[in-house]
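Chemist: Can you make the complete structure from the sequences, with help from the hints?
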Amino acid sequence: MSEETIAMKVARYRPEHAAEPYVDEYRVPYREDMVVLDALNQIKDEIDGSLAYRWSCRMGVCGSCGMMVNGKPRLTCSTFLREFYPKPVVVEPLRHFPVIRDLVVDMTDFMEKLKEVKPWIIRKGEKPVEEGEYLQTPEEVDAYKQFSMCINCMLCYSACPVYGRDPEFLGPAVIALGRRYNLDSRDQGQAERREVLGVDWGIWDCTFVGECTVVCPKDVDPSAAIQREKVATTTEAMLSVMLPFKGRT
Amino acid sequence: MSKREGARYPAYVPEYPRSWWLQTGPYRRFAAREITSMFVAAFSGLLLLFLFAVSRGREAYEGFLRWLKLPAVVAVFAVILVAVLYHMATWFRLTAHIQVVRLGRKVVPKSVVIAGLFGTWVLASVIVAYFHIWF
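Chains as they are written, first to last, in the working numbering: chain V, 1 to 249; chain C, 1 to 135.
Derived by calculation from the structure, the hints in this document are not laboratory data. From a predicted model like this one, the values you see are computed outputs, not experimental measurements. Among the hints, erroneous ones may be present.
[As the list claims (entries may be wrong)] Below 27 angstroms or equal to it, Euclidean Cα-Cα: the simulated DSS-like pairs (lysine-lysine) are:
| hint | chain 1 | residue 1 | chain 2 | residue 2 |
| --- | --- | --- | --- | --- |
| 1 | C | K110 | V | K145 |
| 2 | V | K145 | V | K115 |
| 3 | C | K106 | V | K230 |
Modeler: Listed below in structure tokens is the structure:
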């Protein structure tokens, strides 16, 4: 019985061997239930152990295996080969990030920006433990829940031409996460976060291309988060002009 | 390619071309949306010219109307109309994407919001046309 195979064109970058990236082509056995990550594991185990890529959970939760698959940012663990078969599958590292090796990118920039937006609950003062938890109604949870589903896979950064042209841009996931905490009824850090978000390289750099929302595997909808943060920031600025003494004691 | 200064290891940084907006369908549609905003500005310019003509008296106003009826001007404004309508349609779609409309606890679906915006636009156009034709 002849086995069905599929061609995998995989971008390689091995600075000790070649200054520029190149493409290696492999043929791996094809089954209908195989995902791109299965094919990469097949290559690494059976054909070429030198191939480098990140992966962990295999089920769309960890956000490690994001790569460009046939030109689009995808999680390779949830992208089936049958979408492309019998055509070859082209796998490249995530766009807009420096490539360290083969399919592995340097995510330092993203990790630094993630910290800047203070993605944790900020309280002006903690209440004593005896007073219990900070309770929320289902509506208060719904207000931010969608934006809390981000798995930091960085696909949105690869889809964003603004980040591609201007690496200073805070980017979709980071702003969506800032918005997530701003919308949390337990949080009191809006003013601190607005100093990070409301700058030229923050929300105002976004031109609303909207592709971040399209590629997001968790339906976080970062583009809506950014535009709504723009509306909230503008509304607050207008109110501070019209009601200058509001909130002052 | 460029090497990053001070990085722990060499890395390949691909150039991102200036022509990125021609690369994919969604990027091209984004570019079309942004470029058609220029036509909205052009239409606003026409309104300003109209007001300017009115302010200079009857003769200037009638001259302006004659200029508007020149075939070349009509052709230009036909193009502007198409571009403005396209821009408006994209705008309605984006508005529905950003603005969450709630009725009580329920969120109104985006398609209903878009239909509401189009409906309001048609209604406004009908009212303007009514006053223009009968008064």
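Chemist: Would the pair C:K106 and V:K230 pass a check requiring their Cα atoms to be no farther apart than 27 angstroms?
Modeler: 24 angstroms, holds
Chemist: For the pair supplied as a hint, C:K110 and V:K145, is the alpha-carbon distance within the 27 angstroms limit?
Modeler: Between C:K110 and V:K145 the Cα gap is close to 19 angstroms, so the pair holds against 27 angstroms.
Chemist: For a C-alpha distance cap of 27 angstroms, please report whether V:K145 and V:K115 respect it.
Modeler: 20 angstroms, holds
In summary, this structure violates none of the numbered hints.
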